[in-house]
Every structure is written in C-alpha cells, then in structure tokens.
Amino acid sequence: MRIELIISGFGGQGILFAGNLIALSAMKEGHQVTYLPVYGPEMRGGTCNCTIIISQNEIASPLVYHPSFLIIMNYPSFLKFMPNLKKGGSSIINSDLVKPEEIKNLQILQKKYKLYFVPVNSLAETINAPMLANLCALGAFYQITKIFNLKNFKEALKETLGSERSHLFEPNLKAFNLGAKYINQNFK
Amino acid sequence: MRIELIISGFGGQGILFAGNLIALSAMKEGHQVTYLPVYGPEMRGGTCNCTIIISQNEIASPLVYHPSFLIIMNYPSFLKFMPNLKKGGSSIINSDLVKPEEIKNLQILQKKYKLYFVPVNSLAETINAPMLANLCALGAFYQITKIFNLKNFKEALKETLGSERSHLFEPNLKAFNLGAKYINQNFK
Amino acid sequence: MKAKKILVKGVEAIALGALEANCKCYFGYPITPQNEIPEMMARELPKRGGVFLQAESELSAINMVLGACAVGVRAMTSSSSPGISLMCESFSYIAALELPAVVVNVMRGGPGLGGIEASQGDYFQAVKSPGHGDFHFMVLAPYNAQEAYELTAKAFELAEKYRNPVMILSDAILGQMKEPIILKNLKIKEYPKNDWALTGAKNRPSRIIRSLFLDSQELKKRNLKLKNKYKKMEKEILFEVSVENNEKAILVAFGSMARIVKEVYFILKNKGYPVGFFRPITLFPFPVKPIQKILHNAKNPLKFLVIELNCGQMVEDVKLAVNGKAEVISLFYPPSVIPFPEELERKIKKWIK
Amino acid sequence: MKAKKILVKGVEAIALGALEANCKCYFGYPITPQNEIPEMMARELPKRGGVFLQAESELSAINMVLGACAVGVRAMTSSSSPGISLMCESFSYIAALELPAVVVNVMRGGPGLGGIEASQGDYFQAVKSPGHGDFHFMVLAPYNAQEAYELTAKAFELAEKYRNPVMILSDAILGQMKEPIILKNLKIKEYPKNDWALTGAKNRPSRIIRSLFLDSQELKKRNLKLKNKYKKMEKEILFEVSVENNEKAILVAFGSMARIVKEVYFILKNKGYPVGFFRPITLFPFPVKPIQKILHNAKNPLKFLVIELNCGQMVEDVKLAVNGKAEVISLFYPPSVIPFPEELERKIKKWIK
Amino acid sequence: MEERCKACGLCIHFCPKKVLDLSNKRNKQGYKVIYPKYPERCNICGICYLMCPDVVFIMDKKDES
Amino acid sequence: MEERCKACGLCIHFCPKKVLDLSNKRNKQGYKVIYPKYPERCNICGICYLMCPDVVFIMDKKDES
Amino acid sequence: MDKIAFKFPKSLKSTLFHYCPGCHHSIVHRLLCEVIDELEIQEKSVGIASIGCACFLYFYIDVDILEAPHGRACAAATGIKRAKPELIVFTYQGDGDFAAIGFNESFHSALRGEKITAIMINNTLYGMTGGQVSPTTVPYQKTTTTPEGKNPAYYGYPPKIAEIFSNLEGVAFSGRFAVNTPKRVLETKRALKKAFLAQIYNLGFGYIEILSSCPVNWKLDPIKANKKIDELINFYTLGVFKDKVENFLKKEKN
Amino acid sequence: MDKIAFKFPKSLKSTLFHYCPGCHHSIVHRLLCEVIDELEIQEKSVGIASIGCACFLYFYIDVDILEAPHGRACAAATGIKRAKPELIVFTYQGDGDFAAIGFNESFHSALRGEKITAIMINNTLYGMTGGQVSPTTVPYQKTTTTPEGKNPAYYGYPPKIAEIFSNLEGVAFSGRFAVNTPKRVLETKRALKKAFLAQIYNLGFGYIEILSSCPVNWKLDPIKANKKIDELINFYTLGVFKDKVENFLKKEKN
Ligand SMILES: Cc1ncc(C[n+]2csc(CCOP(=O)(O)OP(=O)(O)O)c2C)c(N)n1
Ligand SMILES: Cc1ncc(C[n+]2csc(CCOP(=O)(O)OP(=O)(O)O)c2C)c(N)n1
Ligand code: SF4
Ligand code: SF4
Ligand code: SF4
Ligand code: SF4
Ligand code: SF4
Ligand code: SF4
Ligand SMILES: [Mg+2]
Ligand SMILES: [Mg+2]
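Protein chains in written order, with our numbering: chain H, 293 to 480; chain P, 293 to 480; chain V, 1211 to 1563; chain C, 1211 to 1563; chain X, 34 to 98; chain G, 34 to 98; chain A, 79 to 332; chain W, 79 to 332.
Don't take every hint at face value.
Said to hold, decoys possible - Keeping only pairs whose Cα atoms sit at most 25 Å apart, straight-line, the calculated DSS-like set for lysine-lysine is:
#	chain 1	residue 1	chain 2	residue 2
1	V	K1412	W	K88
2	V	K1435	V	K1399
3	C	K1338	V	K1535
4	V	K1214	H	K450
5	A	K306	X	K51
6	X	K65	A	K302
7	C	K1557	P	K372
8	C	K1513	V	K1441
9	C	K1513	V	K1437
10	H	K446	V	K1214
11	V	K1481	H	K379
12	P	K443	C	K1214
13	A	K238	W	K238
14	A	K85	X	K70
15	H	K378	V	K1479
16	A	K306	X	K50
17	G	K61	P	K372
18	G	K51	W	K85
Hints listed in this document are in silico derivations from the structure and should not be mistaken for laboratory results.
The structure presented is a predicted model; accordingly, all values stated were derived computationally and were not measured.
Start from the sequences, fold in the hints, and give me the full structure.
So this is what it looks like as structure tokens:
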C-alpha cells in the first residue's frame, strides 16, 4: 500500500490544512507518512500545493513527480498537475472551478485516470461554510481511499483545531461528511 | 652588497620615520629595497620596529631573523634583537637609554659584533630637538655604511617632509650630521 | 510527553530537540523557511523559564547568543542562508572565544535573496569558512525529522564538550515537510562551565573571554589549540552507509537530498544495479576514514557519484577523501529545482550503465 | 606621473592601482592594517572628481559599493578580515546581481579579533564561500607592491568583463611593507555598461537588477549562468612557476608567504636541492592545469609542499589539482607568527632530505 | 479592470453613495469582483479610486464610477 | 606609583597650588615622571588625583600630594 | 493639485499586484507612481526595492529598480546618489527593513543628509515572513512571536522615527501618514511629493512613514484592518514633523 | 559622596594603562572602578569590552569581562542580562563602536529598555585605527579621512545620542559628560553611578556619553586637548537629559 497524493489550489483554500489533516490521520492509522508543503512568498493568493506520501514502508523521498492521487482545487493546478498523474491514478477535481465541460481532452483523461468531479465550493456553501471546501475534498478522498478510519480522522481534526478553534470541529466534520456522501452517491 | 637592518625602539621615537628614510634614500641610490614596519595597536608607547633590506638583487623575503645591522633605540629592543644579530654584524645603540656599563656581557658582544654606542638623545638635545634622536642614529648609520650618498638622502628627506613640514628639513639634516660626525669622531 | 509520536515539520523537530536539551535562550530574527523555530520557541520557552527574544537583526541575535553563552547559559539561534551570512563575523568571534553556541541554518536557494525553496548551497560556507580566520563549526546534517530532533539536542552537548559552536545544517525540504517523530528522553549531558563562564568574580579571580591576541605567539597558540580541537572532534564522526563491497558505484549525498538519493538507491538496488549508498551526517568533521574504508574493502573499481542541491561543493571533500583512488563524479542540481527520484534515477543510470 | 619609481606600502600600491583604473567611488570603514587605502582615497579621489565616503560600517560600505556599481560607476571597498566577514551577505547579493565590484581584503590574524599581523587565514572564505549560495569572487593574490598596483587596476577590468566581483587578497606583510613600484599607464579596458546599468529609463524600457527568483527554474538558470561564467574565467588564470622537470619537490605558496618561500627556494636551489617553486596568482580560478602540467612533465616522483600562513587551506586546492598523483604536504603556520626564511629552510629540508 | 479586483471591499465601505457591491462573478484570480450596483447614484467623487488598493477604478470603464 | 606616570602634565596644569612639575628622571616606560616641586604648598585638594589619567596620586605616597 | 484622476498612472506597470486583498502597500505604490508622473521624473529615477512584502516593487513601478539586501536600501541608495547625483533615488521599505535590521543604514543616511527619498511602510510587523513582532509593533499587539501580546516591559515601546529624524539637521522632510481614509490618502500623496522635492531641490533627506494595514497578519478583514489604523494613531501621531521644502518654495517665490 | 580618595580603586588592576599620555579613557576607567567599588558590585558585574582603544579593558578592570565584536557590545550585553538577570552588566564603547557600526544594537537595546549600563567614550574619531572621521566628528574637524576638514554638507552633523535616547521610554538615565575639569570628573562619576543604579533598580537602560580627549589623533598636547573639549561642548551640550533614578530614589525615601 502506498499513496502519493498532491493537493493543489489557491493560497487561502485551506490546501495545507487539508494536507496536514490527511497526513496526521494516516499517521494515527499507523502508516508511515510524509507531508511536504510548497507555497509562494505571499500570505494569500498565489498557488499553493502539498505532497503527502502514505506508505507501509520507510519513505525516503518526500517528493514525487508522478503522484498516484491528486486533489485539484483550481484551474491552474489542473493544468500543472494533471499531466503528471501516474497511469491509473485518481483525481478529485473541484468542479466549481474546473468545469468538466471546459476540459478539452476529458475523454482521454477519463480513460487513463479515475476522475472524481466534486463541486466542493458549492457543497461547502450548502452548509454556509464556503471556507470548508477543503474539508469536502478531504471527505471525498477518505471515501475513495479509506486509507484511515473515521476515528483517527476525528482525532486528527480535534488535535489540529486545538482548543481555541474547537468550535469549528462540527462544521469541519459536516463538510467532510458532505464530501464523503457526494462520492458515495455519485461514484461507483 | 646586502644589508638587513632592524631599527627598534619605543613608539614615538621616530623609528618608522627613520626606517622609511633609509629605504627611500637607498632606493634613490638605485638599490632594491624593502621596508617592513611592525608596531603595536596603540598610537604611542609600546614597542615599535622595522626591517629594511637593501640589496643589489631581487629581495624575496622582506623579513629576516638574523639581521646584519641593528639600530637599537631603547633597552627592551636591545634585549629583544641583540641576540639575533648576524655574526660580524653591526649595531648602533642609543647609549642614553642603553648604557654600556649596564650591559653584562659587553665584552663578549664586542668580540662578536661591531657596536656603536651613540648618545642620540643627548646629541639631539644639544640642538634643542629632542624628537630628532632618530635622525642622529640615521646619520650614524650613513656614516658607517655609506650605502647611499648624501644627495640622495637629502632628496629623500625633502620628499618625506613634504611642503607642510619643509621647515623641519634643516633641523633634521643637522641632527643627521651630528650623528654622522659622532661616528666620525669616535669610531675608527 | 516521552515516547510520544507526533507529526511535525523538520524545523519544529529542531525546536523540540533544543527544548529537549533544555536550551534556555533563543535569540533570532525571522526568515523563511524557518520561522516555525522562533515561533515555537516564543510559545514554549517562557513556559519553561527560558528566554525568547526576537532581535532587531541576525547580527544582533548572534551576539545575544554570544553573550548568553559567555555566561554559561545554553543558547541558540536559527536562520536561513542570507541571515547566516550576516552572522559570519560573529561566528568567527564565537569560535575564537570558544563558546558553545548552537546555530541552525535552514538553507534556501542562493546566492543573494535567491528563493525560499530548498538548497544545499551553503555547504562550503558551513564546512570551510563560516567567517574569517582558521576556525570550524562542527556541522551536523540531519535528513529526517527524527534526526533533526535528536541531532539538535545532541548539538548542545557537543558544543559544550568541545566548547565550539555547532551548526545544524538543514534545508527547506526537511525544514518544511512534516513527518512523525518519536519524542524521547535523550539524556543530553551538560558539561560543567564553572571553570570558564563569566558569572561574576565571586570567590575567584576575575575572568576574561577574548579573541584579541596581539602577541603573535599567543595567537598562534590559540590557533593550534583550535586545530587540535578539530582533530579531536573526529571521534564524533557520524554517517550512514549501505555498502556490500561488490558495488561499482557509491551514491553519496547528505541532508534532504540523501532522501531522494536513497529512494533511487532502493529502486536501483531492487533492479539489480551494483550501487551503494553513503550519507555523511557530520559534515565537519567529514567522514574521511569511512570513505577510505569503502575504497579499501571494495572488490571492484569504484565510482563515487556525489549528488547535491548546489553547483558541486561536498564533492570536493569526497575527492579529498578518495584522493585519486576512484573516479568522483559531481551530479549537481543548482538550487532550487529539486530533482524528482524518477529524474535522478535516469541520470544515475547513465553513469553506471 | 608615468614610469615614475616611488617607494610605497603595498596598501598604497593598491590604492594607486585603483586610481590608475579610474575607480570613481571608494566606500569603506577603517580597520588596521589597511587604513592607508581609505586615507589615500580620501586625499586623491576628490581631486579627480571621484567620491570618497567613509560609511558607518562595512555593511553599509559594501552596499554603497553595490549601489554605485548598479548604476555603472567603478566602485570599490577595502577592509581586513573581520570587516570582510561582515560583508558576506552583501557579497552574495553582489555576485547574484552580477555587479563588477572590487573588494580588497588585507588579511590579519584571526579568528575573531585576532591580531593585526599578517595572516592568510581567509583563503577558504575568499575562494570557497565569501557568503551563502553558489557563487565565487575572482580572487587575485599579489605578492609584491608592483603586482598589488597592477592587479588592483586589472581587477576593475576583469570585474566588468565578467560582471563579477573581484577580490584582491593581500595581507598585513605585503600591505604594510614598503618597496619601490613603477607607475605605468596600465591601459585598463572599460567594458560598456549601457546594456545593464540603472541610469534612468530614458528612451528604453526600465531595468531591474535583482537576485530574488521565486520561480525555481529561473533561479536554476541564474545559478547555471554563474557556473558557466566561473568556467570561462579560467582563461584568466595567472601563476608564477620555476620548474625544470627534474625536481623532487615543488614549493607552493601565494601572497607574502610566497616571498619567504621564494627566498628559501633560491637558497635551496643554490645549495643544489632539487626543488621547484609554484605561486598561484589567481586563487579563484585556481591554476589547476598548470599544476597538472608540472605533474605531467615531471621526471621524478614529486612532492608538493604547500606553505601557508594559516592552518592549511590552499593545500586542499593543491590536493584537488594533484588528485592523488603526488604527495601533498601542508606546512602550515597559524597566524600570526611568520616563519623567517632561516626557519622555513630547516623545515623544508626535513621533507626533502 | 475587474481582473485586478481582490474583493477587499474598501471601495464599498468608503463609497459615500453606496454605489458599489461585490458581484457573484469570479475573476481569474478567483475573487468575486466589484460592480456598480447603483451606478446612477455615483457622483464621480473619486473616493473609490483613492481607496482601491488595486487600481480598479479607471475612467475608461465609465460604468464603474 | 611614578612608574605609572606618562608625563601628560594634566596634574601640573590643574594643581591650584602649582605644587607639581616634571622631573628629569625617566621611568621604565621612558617618561619623565612628575614630582612635587613645592610639596609644602599642597592642600590635599585631590585635584591631581581627579585629573591624572594614570592613577599616580595614591595616598600612601604622601610626599606627592 | 489633488485632482482625482481615475487614471492608471503612467509609471505603474499593468502587472497584477501580488499583495493580499486590502493591503495598503499597493495604495502607496499608486501614489508613488502618481507623484513620479507629476514630477516627470520617471526617466531619471532609480528605486531601491527592499526585502519584505514589497520586494517585487520592480514588477509594478516602471522605473529602473535595484534590489538591496534586507535593511540596506538606504546604503545602496547612498551609493547610487553619490555616484550619480543627477538621478532621483528613492527607497521603499517595510518597518522591519527600515527600522529594525536596517535602522543603522537608515539613520546614518538621514544623519548625513543624503539627498534621497525614503518611504517606510509601517504595518507594525513582518508581513512577508508571516507576521512576527517588529520593533514597531505596538504594546500588547499579538504576533506570531509574541503570542501573548507584545509586552513593553520586555520589548520596549515602538520608536518614533519620524520624530527622531525631524531633529537631524540632514533631514529636509519628515512625517508620518496613513492611507486608511480618502483624506489621508491625499495628504500622503502631498507629503510624498514633498519628500521628492526635498531631493530635487537638494535640501536633504526626505522621509515618509506610512501606517499601513496588513489584514492577513493582523487577522482582520480589510475594513476592520483599515479601522485598526485609527487605533495605531494613538501611538503613532500623524503629521509633518519637519519641512524644509515649504520654506524653500516660499523663498523661491520671492 | 564625592570625597576624593587618593586611593587606588579595589576593582582596578595594577597593570599600566596602554593609553597615550593624557588620554581620558583611563580617567573614566578609574571612575568606573570607583563606582563599582562604592556600589559593591565587583563580584556580580560583567563588563563588555568593545573594539577600540579600550579593547584592553579586561587588563585594567577587575571584573569578569567579555570581548564583543566591533559594535555589538549592547547586543552581547542584552544576551547576558536576559540570560542571567542577576548580573550587573555594562558596556564600555567608543563613539565609533557605539554610534557608528554598532548604533543599531545600541539603539535597539535602549529602545527595549535593556537593564544594562552603556558607557560611550566620545573622542569624535576612531582612535585605535589612527584617527579617521566618525559620525561624531564635529564640523570642519580634520581627520585622516577628512584631510580638508569634515564638511557637514557632505557628512552631516554629529548625532545627539544622549538627547535621542532621553526620548525613548526604555531609557532610565541618559546624559552627556566630560572629564576635562575636576568638577566635571565628579559630575561624571555621579552620573555613572546613576546609570548603574538605573540597572540595579531595574528601571531601564542607563546611558552615559563622555566627551573624551584623544591628544594623539587630535594632534594636540594633553593640555590643549583638554581645552579642546570646551569647544566640543558647543556641539555637544553637557547635562543629564533623563533621570528616572532620581525620581525613584525620592519615591523610595517616602
Ligand atoms: C538578512 C535577512 N534576514 C531576514 C530575511 C527575511 N525577511 C524577508 S522580508 C522580512 C521582513 C519584512 O518585514 P517588513 O520590512 O516590515 O516588510 P513587510 O513585509 O511587513 O511589508 C524578513 C525578516 C531576509 N530576507 N534577509
Ligand atoms: C568589523 C570591524 N571593523 C573595523 C574594525 C577596526 N576598528 C578597531 S577599533 C575601531 C574604531 C575605534 O573607534 P572608537 O569606537 O571611537 O574607539 P576609540 O578607539 O576612539 O576609543 C575600528 C574601526 C574592527 N575591529 N572590526
Ligand atoms: S466615484 Fe462614484 S462609485 Fe466611486 S466612491 Fe464616488 S460615488 Fe462611489
Ligand atoms: S477596493 Fe478595489 S480591490 Fe477592493 S473590492 Fe473595491 S475594486 Fe476590488
Ligand atoms: S592635592 Fe596638592 S598636589 Fe594635588 S592638586 Fe591639590 S594642591 Fe596640587
Ligand atoms: S597627570 Fe598623572 S600621568 Fe599626567 S603628568 Fe601628572 S602624574 Fe603623570
Ligand atoms: S502580508 Fe500583509 S503587508 Fe504583506 S501583502 Fe499581505 S497584507 Fe500586505
Ligand atoms: S589614540 Fe586617542 S583614544 Fe586611543 S589611547 Fe591614544 S589618546 Fe586615547
Ligand atoms: Mg512590516
Ligand atoms: Mg572614538
């Protein structure tokens, strides 16, 4: 078992928060894990991505060029990372910002990869939490991979939020569940 | 022809001025020459010495451990440099500060070396120029070695004093002559 | 809190290591990519009776460290390439004054302002001349978070043992990536400082800590003392080696780059290529003898491939160790484009075909 | 004033060389043993329509130089070891910005404040890493006043030719000794700067001189550009050699130390010892090929004795050049006790008995 | 010019005539851009120009101010 | 204490009673040292102690001040 | 004067600003360009970009621009102005750059009366590196390195640089401004112009300090951040503290 | 108080001073030792020797002494005081060290209100290196690097550090003094004591600036050099500019 995941989007979309949460959940699951954020110098705006590797064996390089999984949160990220996805790899795509109908070679891609279009922004807005699109994507990732169990995720989330932000636990979980549910209902 | 000269004394005794003057005179004479000053960090006080090498051939090292000539202006310098004088070498010694009668092994030294005790301070005071003891010593050096001629010395002195200090030319020359005369009258 | 597994950034592991070593003072100035160190120290040190002070510059920070060390208190600073360069004069003083300072450099791309991504471009600076005159830091290069944590803690012990500054040389990859570490009781030894620290001349003659020696004999003596100390440090040499003596090529790398190289080593090994792996952990003193041992035991003519995130720096130390007895090849990756394992594999294969 | 012979200190020869090259700006901060340079520049530059400004620190001085160079004006600074260390961050910027600055280091004993006597302890710093990141100064090491004068003048030309900073690496012996120099018209070439200097965006697009490249590909490109430049500089290698191919030992030294070594070389040669003499003048780029040529032409197995006023630094570059093909021995004299020729002769004889 | 807008809201806040509001349209930077909700109210006082950090209010786009 | 003297003359200048002068005797540093030319005039005002940069005027050398 | 242009300044490049929404850096950029345009000095100006959020100055301002090491902008500017006095030289620096690491260069340039114009954007913290404490951080303000708030007993009080500079003979113009209201924007622009005129008329060092919002690191939305500036004014009095330009212009008229 | 001891201070070592004849450095050394003795802090003091003519401080003052790099004495002192607040920490610096290369460290230590005592010996030039111009050199003064005299239009006017510092909240004592007359010597000593008390009572930064003669580099004999100080006072007003100690002591009494 080994997943190489890249999450990518705008700064401010909670990319790093989500990446960190996945890594932590996977660690709690007992996996080896590395999490490598990459970001521009600006505090907001600009692109932002991170690489998470989850494995049962020692992870040497925390970098991969050909990830096996992608979470694509905006269009520039789609352009940048899609071409590098490993053959047979999976990708969750924020369909609010990357519309399937606007993708030229959609069919070719769908043959090579498993694509999960999830309108994470819209989903998050349904619970009045537009900032939580990242958690929707994370829920989708969970539902697809089941690389960690819910209990570990919840623990990880609680830990990450800490006491000052503990009131955000429920909304985050809600968004997570929405994402998971969306996969459940729309794929497979 | 090659002279390795070390001049040593207190800071403030004009050691470097004299050393420079000798080097410049010798250069004007057409010799190869190096002049290496060594001094403490203080502006005054402390010891101070310089090494001048005058030669007809290329001078590689500007340092010598066993000089062939010494000008000793105070007692600490006597202690420090006398033992290193080359066999058969010469030394001008400021007898105002290094009294021959206070030197323990005077006879041994006199056998090995040519010693010229010159009361340079007293000489300089006779012309009311206590600061010019260095020039007296220089005169003595000239008289002993004749390594440059008087014309070149005068030119060097004029150049060194420059226009602002040109009024000091005559006193300096006077002191120089006193030193030369002292050698003439008291040695050989 | 012992034997707890947590997910942290490499730079946080460094801060935790310092706290584990009971470092009492942190002085620093912000610079990416290591701000998590001061930020963690700002939160944690006051709780533990320590001092966190952000200085007005790196120049000031390193001299605060100098002061604190001089009075016998464990102190450190951390920065990244440009900030480290700014400290060079003071490094030379600290080494000359024989103060046990710990300095962390989380390297970024240079020269100049460069970029904030990973680089190993300060190898020469760290190892050859972090300032003027003949002196050396002991330089430790961790390659994962656990090592970053443990080596940083150890750095305080080594600094005191030798009364010499120690540098943790890391980079933005290791610094910014997160991975699990296990918090341990590292039992860091504390060396007595009561024979040299400036603590007030009570019941003893007053002390001087100085680097000015106008008497050239004294200065020479001090320089030889330092030289001997560096010799003695060779006892502390650390490295990782995977060699079975039948290799044809040894891959040499340190720090984060060694992780990528190790990945490639695993891949090539699996594919049956005769490659070995060597990772210096102490960069100064450099593991010369372990390299010579590899050469000595090798059954085949060897090639050393030295892979670095710079224009080729450590390769010189490998060459000096190998001394003409094998080919030494520099595979250099100027900052900040980090080669992916896939790419590096292709490149290495060309050399060992 | 041409072809005139005058008696000057080495540091004055340096200042005269800069004036001969029509250097227009001097920015600096006092430090022994090189104060004669700013003092001469303070007297002479205003007369020649140039600018002398004493800065509040070396840090400020080097950035004034950076500014003046960026607008296309010949500018320099000079200092001694601690002051040079303080400039390391800015050196890295200057190299990254590709500015033709000229920097003089009249080395003194280190580390720390050390002493004011001669030393060659900053060889590593000058040659390997005068700051963070992958960059190099071109480094020129004069060994007498005439060379100090001519190389300093030449430094301005080379700096512009390569758009790279050039360092004159001297020391307190050469700096403070006086000897005759012959003033010449050195015909220093001036390279056009109108394609890069910041002179106001009149009738052309505005220009940027920067070292920050957050795009890692751009940063890589810049680094490779620098690396290529350093390669090209090898055309400028300078050295002095006295070898007849039948030697058993080659004495290698640079700067002032080379004078003392040369004296010993003369003495030993006269006494019939089979010794040669090699003096690198460019320390970066280092004369690798000339050393390899000596090796190649040698009729006997050779020994290289590398004699330095430090704890052994250039010896590494000699070893790298020799690459195991001959024994390389370091005769190191930590600053500031300078060996007299007599002493050195004894020591060398032991090695070549 | 709406590509420059970052939805900071300063113009909305300072507009004395409450002319402006955020639209639902996102620009390439990903921000919901400003639009003149009540263009007729605008008195061309220039305050939006003064306060906009992103130089969005430029005259040739007359509808905006 | 006269070994400390550097013949700067500050004490001579400031002594209100003109007690002090330079002697012809040189100390090991090479300076002609201070001496109380008119010791009887001294009123122990302490000004020489205050102004001497080299801490020459110390009480156990009573003759000097 | 003070007519509002609705015009994209000639010396402003069309590149999108990388600044966070509501950041005042870019307001000042625009004002700077307006002043450069009005004084018609675009073709003879050299700007010094410093290290901080505004290090990309050169992507926005269309004059020759040099990047100086962190804190050294005033020294580099000195080098330029001394080497080529015919150029108009300005620095654009953050509070960390100007008042912390670079204060010595800033102070001594002002002391010498360098004929340069220095703009200091005071957002009371280190924006680019993620919001650490700065000497200019006000008492009890929380930053990432003063998580409990900045204790003045521990870190002291912020320095009043504009006031200090106004007492230096070499300084021709010195003042503190803000851009959080339309009126203040206009005042700031007028002051900026004066700080350039101080240079153009060779009167001395021109210094402009601008209280500036950093919504992201202040953890406030742009509007609240804007309002926060009004609080800062309690510590940092706005105003012109020295103005040799006004006098000079009056004399010129006579 | 102010009794004249004719006594060799206990905390003064017997080593001969290396200073030039008539140099004021050594007068201040003696005063410093007298104050250390009177306050009985010899056993808990750490001094920071700076780089300048007084770098050999440790050969004269019999307390623990650290040598800091040129200009960094206040930073090193900060490190010491923060690490061990129970120590009494002072720096002894020249004008070049304190006000030129090290001014940033000096200023920010004062700004933070470090509980240290800083002594700045202002001889208006770089003594140790042979008399070059300093920021503190007064207008038209000749030095080796201003052979025609220091032109204020080129180098500016000397900074009034004691006055600047008196406006910083963190500073508890600040003043400028001289030791060229018996009265001033006594005043300087009183001030030195205050600057230590500021630290001892934890009130803040104690700063003492002392106009000091450098006969050798001024090219004057010691007496003339001493008189020259009276001229300097035209630029450098003597006096106490801030004194929180006095108030504190008054309050203590009540
Ligand atoms: C020598 C050095 N130290 C630290 C840094 C990291 N650094 C970059 S910007 C910055 C501070 C920026 O703060 P400020 O000057 O206030 O500008 P702002 O971003 O707030 O506008 C720092 C510390 C650096 N680039 N160089
Ligand atoms: C980094 C550095 N730059 C320069 C020097 C040389 N230096 C030694 S002392 C000194 C200045 C001394 O002047 P000041 O501080 O006024 O003390 P003074 O000698 O006048 O008492 C300088 C520039 C140094 N040691 N280190
Ligand atoms: S110009 Fe119009 S839109 Fe702009 S602030 Fe004024 S009234 Fe509002
Ligand atoms: S002020 Fe400018 S950037 Fe902000 S919302 Fe209005 S138009 Fe957009
Ligand atoms: S104590 Fe005596 S000698 Fe000294 S100054 Fe007073 S009167 Fe003169
Ligand atoms: S003041 Fe002191 S040093 Fe000077 S002459 Fe008098 S006794 Fe001697
Ligand atoms: S971090 Fe602050 S100062 Fe920097 S761009 Fe963002 S808002 Fe502006
Ligand atoms: S040079 Fe000046 S300051 Fe230094 S010891 Fe001599 S007189 Fe005193
Ligand atoms: Mg800021
Ligand atoms: Mg001074």
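Hint by hint, which ones does the structure fall short of?
-> none
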